[in-house]
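**Q** First to last, the sequence lines map onto chains A and B. Sequential numbering of the first sequence, starting at 1, is according to the working numbering. Sequential numbering of the second sequence, starting at 1, is according to the working numbering.
Hints may be right or wrong, so weigh each one.
[To be verified] Computed footprint of chain B on chain A, listed as stretches where at least three residues anywhere in the stretch have a Cβ under 8 Å from a Cβ of chain B:
{"no.": "1", "region": "72-83"}
{"no.": "2", "region": "89-96"}
{"no.": "3", "region": "176-187"}
[Claimed, not checked] Pairwise CB distance ranges (calculated):
{"no.": "4", "chain 1": "B", "residue 1": "217", "chain 2": "A", "residue 2": "14", "range": "52 to 58 Å"}
{"no.": "5", "chain 1": "A", "residue 1": "197", "chain 2": "B", "residue 2": "122", "range": "34 to 40 Å"}
{"no.": "6", "chain 1": "A", "residue 1": "10", "chain 2": "B", "residue 2": "141", "range": "53 to 59 Å"}
{"no.": "7", "chain 1": "A", "residue 1": "197", "chain 2": "B", "residue 2": "155", "range": "46 to 52 Å"}
Hint data in this document are derived by calculation from the structure and do not stem from the laboratory. Glycine included, C-beta positions come from ideal geometry on N, C-alpha and C.
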Amino acid sequence: MPTQKAYKTGSTAPEPSAPGVLRLISMRFCPFAHRTRLVLAAKGIDYETVNVCTKNKPEWFFAINPLAKVPTLQHDGKVVYESLVCNEYLDRVFPGRKLSPEEPLEKARIGMLQAIWDAKISPNFYKIANKDQEGREDIIKVFKEGMSFLEKEVTSKSFFGGDEPGFLDYSFWPWFERMPVLEVASGFKLEEAEFPKLFAWQAAMRDRPEVKEHAKDTPIHLQYLMSRKQGNPDPDAGLQA
Amino acid sequence: MPYERAMKTGSACPPPPGPGKLRLYSQRFCPYAQRTRLFLAAKGIEHETINVNLKEKPEWFFEKTPIAKVPVLEKDGKIVYESLVCNEYLDGIYPDKCITPSDPLEKARQSMVLALWDAKVVEFYYKLVTAKEDERPALTKQFVDGLQFIENALTQPFFSGDKAGALDYNLWPFFERLCVLKHVGFELSVDQFPKLSAWVERMMQLPEVKACYFPPELHVQFGKTMMSGSPDYDIGLKE
Chain A
1 MPTQKAYKTG STAPEPSAPG VLRLISMRFC PFAHRTRLVL AAKGIDYETV
51 NVCTKNKPEW FFAINPLAKV PTLQHDGKVV YESLVCNEYL DRVFPGRKLS
101 PEEPLEKARI GMLQAIWDAK ISPNFYKIAN KDQEGREDII KVFKEGMSFL
151 EKEVTSKSFF GGDEPGFLDY SFWPWFERMP VLEVASGFKL EEAEFPKLFA
201 WQAAMRDRPE VKEHAKDTPI HLQYLMSRKQ GNPDPDAGLQ A
Chain B
1 MPYERAMKTG SACPPPPGPG KLRLYSQRFC PYAQRTRLFL AAKGIEHETI
51 NVNLKEKPEW FFEKTPIAKV PVLEKDGKIV YESLVCNEYL DGIYPDKCIT
101 PSDPLEKARQ SMVLALWDAK VVEFYYKLVT AKEDERPALT KQFVDGLQFI
151 ENALTQPFFS GDKAGALDYN LWPFFERLCV LKHVGFELSV DQFPKLSAWV
201 ERMMQLPEVK ACYFPPELHV QFGKTMMSGS PDYDIGLKE
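In isolation and in its complexed conformation, chain B is listed as follows (with noise of 0.2 Å):
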């Protein structure tokens, strides 16, 4: 299915989607809707898709969602956003192949990890891509002690477990980005990262996660046109 160009500023607010139809508002580039997107893909579950400029938003988008940001699921009339409560309210609404742990104290782990990427990478992950030269050491010295620690919760071979499950989805897209990095000087290493390596030799195996994909070269691309102040969200589509 092809993807469409991303809705702007002054456009007309899509009608809503027809009566049981599922529809996401997404956009190519972005990780946190490539969670969803990989939700989606990994539960077989038929949708459209709308994508929407992240720089200059279509103002029918702040009334979906007051933080304007993607993704967005709309369905008959109900409208949810955020992530990891979109990818939560999928495995509720389409209760087959529950992808969110059951139990408790996983679903709790698999948040604690979450928070520690949070809190100990990404902030130095967009750091690092912008980063000047003289930052770059201290910078990926940060990026690579915060990555141990994720490397450190991966005893399985996949953060779920025997196979991918929510968390290995809500990590995947940053780990497909990684390639962004390479111009700063950072690859991930087999020797000081074994396990990440491998998972995501596993991960990019998977039906779904080729599904949702994006080569190294497309996300390089992306983002030269973000660092220029002038994004391209529609990079790599068909004229």
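Pulled out of the complex, with its shape left as it was, chain A reads as follows (with noise of 0.2 Å):
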């Protein structure tokens, strides 16, 4: 059984998967990691996982990924990495449920309000969780913003992606769920009346069985969060010795 230990920096790269057989290099705590993580379950699709610590890099993750970022997939001597483009890659490629659209103006609005997650959203996430954060409460204002985009959006649906998650549910889904960690850290939380339909879609997402696959709960996402705060991030928190 393949261990889930995160390869370090001086580790010796694992064995090449076999063929046909996809790899994904990935890191447990990792909110990008995750995303596709969420894709491949939705998907049905088999896969191995190789974990590496993403501040202590293993020198071979280079050598496959110049940026050396996970998530990356390797597939048959191509490799494919950017959490969003490997979600795409995998949409196209295999077979099982369809999370993107084919209409032109359905899949441009899944750019926009990707874009708006992307400036309003996650850069600003974990400055939230730092009470001593500068500018901490302009920073909220716009996180808030970029919420309320999404309130609207998944306002007619179930998920962004319709009946089913699609795309973006899978795309936004991995830093909702570290949310109660940024409560613990730091007391923020968003509003239920503020924002009613998301979360009534988190409640949604949270009883898919995808979700369920990769569920981390709170203490152990704190866990991963304290380590990082403390300059040692643990990528093997919570794995058996």
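Using the hints, build the complex out of the two chains.
**A** Okay, here's the thing in structure tokens:
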């Protein structure tokens, strides 16, 4: 049984995967890798995982992906990296439920909402966890502005993807799973009265089998965040020795 | 078609384009907007352009896009923003002469090269432009190291293969502006970057590139107004 423990600087590269086997290079707590693990689960794709330490990166990783970031996919000599690029690739190449629309404007809407997320939400997420963050109130304001766009979009549907979760649902979910950590770390939380549709969406997402398969609870997310804050992120937190 | 002066804060919201007409909100010197202008030129799509002052943004612009950046496309009440999203959208609604690669792995490869560009080059590009003399050597090294990744990604005449494609148009605007780095001592050397240098020559021959092209002097002139804090978006326009 291959190890889940993260490969670090100085480690020997793992054996390449067998022909035809999809390998995901990941890190158990990375929200970006989490996006791709959700899509793999949603589409029922078989794969093996190699975890790496994203702080003390193994040298062999740079030869595969010059950015040495997770997630990275390897498949019969092909390499794909960048979480959303991985997700689009998986959706198009593997059978199973389609996670993205074909219609040009619907496709564009995904790109635009993702751009709002990238501009207003994800860069501010961990800043909010820091109670002493300079300009925290303004950061929270921008964060909530971003959330209000999501609130508007998820209005008439259960999920951003329609009747079932799609590309955007899996793109956003990892941060929502980590949101209780913001509350523990700094007292910040979104109010259900302000974002009723988003709260309903979160409940619906938590019920999904693919979400449950990869869910981690708040204490372990917090344990990882604390280890990161102390300058020594522990990618193996929670693993049995 | 003459470019219009950049609309600024306090301006009245222009009436929407007529039925079936495509409008591009742009800014004459923005490299991201140029990506979309290149797609429009390469695909031969008729459109009208409204330029926007990005320092003193018109209030109505925020209604079109909450990110308030160019490029933005507007057609029959539909709005699309973000340069790469706009470009794919154009291929979706004007499927003739499709530029976006249809093969999923090729599309992924092009996206990954852009990710390399964003991570390894762009940051140092902007920093170099405003760098103080003593900061230049270190930044130039980082810029040059980053550019090597892009040189290595160019294995055919164009990034997209035998002909220019999405990745070529998405990268080109930054290469057209490399002249702006001359004053901090960087020039694209044919010894250091033989493939990129040859690609630049090839791109400059293309009609769609020529149609959107500004000469180095104009880019440098605009760059100076940017650095002074008062960007002149209308530089080069006839009175």
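**Q** Give a verdict on every hint.
**A** Results of checking the hints against the structure:
1. 72-83: n = 4 at 8 Å, threshold three: holds.
2. 89-96: It holds, with 3 qualifying residues against the three required.
3. 176-187: violated (count 0)
4. B:217 / A:14: 52 to 58 Å: Distance hint for residue 217 of chain B, residue 14 of chain A holds at roughly 54 Å.
5. A:197 / B:122: 34 to 40 Å: About 36 Å separates the Cβ atoms of residue 197 of chain A and residue 122 of chain B, which means 34 to 40 Å holds.
6. A:10 / B:141: 53 to 59 Å: Hint violated: Cβ distance 26 Å, outside 53 to 59 Å.
7. A:197 / B:155: 46 to 52 Å: Roughly 47 Å apart at Cβ, these two residues keep to the hinted range, so it holds.
Comparing the model with each earlier hint shows violations of hints 3 and 6; every other hint is respected.
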